[in-house]
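**Student:** With the hints as your guide, set chain V onto chain C.
Protein chains in written order, with this note's numbering: chain C, 217 to 495; chain V, 157 to 434.
Please keep in mind that the hints were generated in silico from the structure rather than gathered at the bench. Glycine is no exception: its CB is placed at the ideal position from the N, C-alpha and C atoms. Careful, some of the hints might be misleading.
To be verified - Listed below are several chain V residues computed to face chain C (Cβ distance under 7 Å; list not exhaustive):
#, residue
1, ALA160
2, LEU162
3, ILE269
4, GLU273
5, HIS293
6, ALA320
7, ASN321
8, THR323
9, ALA326
10, ALA327
11, PRO342
12, MET344
13, THR350
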Amino acid sequence: MAAISDLSDYLNLRTSVSPAAPQDISKFIDGRIGSTAAAAEVASRGKSFWQFNSTIGSGAIPGTGGVVPDNTTVGGMRQADPGGGRQLWISGASALTSNAGLYILYDRLLHNGGLNGTTLTAQTVGGTLTRNTTGAGNMIAVEIYAAIGSTATTAVINYTNQDGNPAVTPSFAIGGAGAQELGRMIFVPLAAGDTGVRGVTDIDLVASTLTAGSFGVVIMRPLLYLASSVAAMPASFDPASMRPGVKEAVTGACLAWAMIPMLTTNVVTGLLTVSLTEK
Amino acid sequence: MSIATLAAYLELFQTQHSLVTTTNVFTPMEYKTANLGAQARFGSLWTASGRSAGATPTTSVSPARTLAGALHQRARVTRQYVLGYTNRQSTNSIGTPVYTLDRLVHHGGLSGIVTTEQTTNLPTAALPRYTSGEGVHAFLEIYGILGTTATTVTVRYTNSAGTANRTSKAAVIGASFNREVGVLIPIMLADGDTGIRSVQGVTVLATTGTAGNFGVTLARLKSVHLFGPTHESTFVGDALLGTAGYCEPIDAGDPCLFNVAFGFTPSFAALPVIVDTA
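One chain only, chain C, in its complex shape (with noise of 0.2 Å):
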């Protein structure tokens, strides 16, 4: 097992097929969550495709469990696991929207839904991760599933961080503005000194966002993180350079797409496109 030495080495693999043909996936969207407009964007404000209508299929809710998507859960690229014992390495990607930003490609490790925004109690996230479990480089994230309330609070998470110990993230807005609409992804800060996220107890809500909506928590893994400056402009991979490093897909990884737009204008329409080669 060896990761792509250098360009020669990535051509030769892209151009082959044996032992494994390279995988190229794309997927369409229409800025539009079922029969419903997806939120309008708020600048700097975190953004999930995994609901999003597409050409190739929509992510569903999760189940109040934590539980794991993989490599064939709709709502991902859903690429094939390498075989032989090869790995896989994502030599290529690239992101364009009607908006502008950071994209970001990342492994969903561990996701839950049916939390709300009107429990004052401990809400139980649970599940055991079964990718990347040391939890280092791992974010936790709230992913908005219908809007919660109008009036802003805050909010804690108890996680178990990268050494094993049990923390406690520092408080994070939710609801209200920017911070309660369908499709929002609200990226958690850990506590100070932490690295990584093993997993996620519970989350604790300071107030009631006085509408219950539906959200949940992701832990995530970030793996590519893509940057357009112009609304419309595609943002991609570097191949020649292999910038930003050429990261490899685990046994299993659902891949998805979230971005934080810099703009206010919404996402309408768009192409999100990986592709992975086999060494």
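**Tutor:** Chain V only, in chain C's frame:
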């Protein structure tokens, strides 16, 4: 045979020599001049005037590699790659990506004012490649301008598992950005579906105000060519090294390749680099 080294790749890109010397035939330059598409929307260059403008289809067929509108690349020997474009110029409103797709099936003859299910020239013809429909994208392609009233449209289709009479999620059609000739409206699948095999009917919820003409196109993305951040510039779009790294081999049939841009496209000129590897 793969492209073994960076040096071999660069030589291919610069000279467009085929590794198969007996088929060392150049693909014609792609030159299109037409005001097609709309801001921040996917736009097909199929019917754009210039070299080899495609006609509006009627009955559903699988178009050939050599049909007007297509890139008209040389016949495949074993495997081909659309590696990129050189000497490309565009006066798009912004710098734009260009996507090369395999146009598997197309059809036309639908109206923007009929509000009952339309089955004119449907169902779509059988897919010639990727026959399960997995990884195939469905679009509504506009051939005659639709009305100024926005409404939604759904498609009744057979999914990649062979289940018939699935209904897509609603997509916006009509009004600015969703009515102009060339606009491609991606069809979003019903929950649980991951591919589309054929389309049986199309229903426009309310009239757009003008009949126009549109149809169903089933296609698969073959390569991605991303260009610079400014318009009216010349760039080299390189699918494997210069852009997104997305370049699916052509290893089945001889596809009808066509280009899709993102945004309004007054002009487009490019020399495709399509190579064979034996």
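**Student:** Does each hint fit the structure? Answer for all of them.
**Tutor:** Hints versus structure:
Of the supplied interface hints, the one on ALA160(V) holds, with its beta-carbon coming within about 5 Å of a beta-carbon of chain C, less than 7 Å. The beta carbon of LEU162(V) is positioned within 7 Å of a beta carbon in chain C (closest approach about 4 Å), and the interface hint is therefore held. At a threshold of 7 Å, the smallest CB-CB gap from ILE269(V) to chain C is about 23 Å, leaving the interface hint violated. Hint on GLU273(V) is violated. Least Cβ distance to chain C is approximately 18 Å, over the 7 Å limit.
The beta carbon of HIS293(V) comes within 4 Å of a beta carbon in chain C, closer than 7 Å, and the hint placing it at the interface holds. With 7 Å as the threshold, the beta carbon of ALA320(V) stays out of range of chain C, its nearest partner Cβ sitting at about 18 Å, so the hint is violated. Taking 7 Å as the C-beta cut-off, the interface hint given for ASN321(V) is violated, the closest approach to chain C being about 18 Å. Interface restraint check: THR323(V) against chain C, minimum CB-CB distance 12 Å, threshold 7 Å, status violated.
Hint on ALA326(V) holds. Least Cβ distance to chain C is approximately 6 Å, under the 7 Å limit. Checking ALA327(V) against chain C by beta carbon gives a least distance of about 6 Å; that is within 7 Å, so the hint holds. Because the smallest distance between the Cβ of PRO342(V) and any Cβ of chain C comes to about 4 Å, under 7 Å, the interface hint for this residue holds. With a least beta-carbon distance of about 3 Å to chain C, the hint placing MET344(V) at the interface is held under the 7 Å criterion.
At its closest, the beta carbon of THR350(V) sits 4 Å from a beta carbon of chain C; the interface hint therefore holds under the 7 Å criterion.
Comparing the model with each earlier hint shows violations of hints 3, 4, 6, 7, 8; every other hint is respected.
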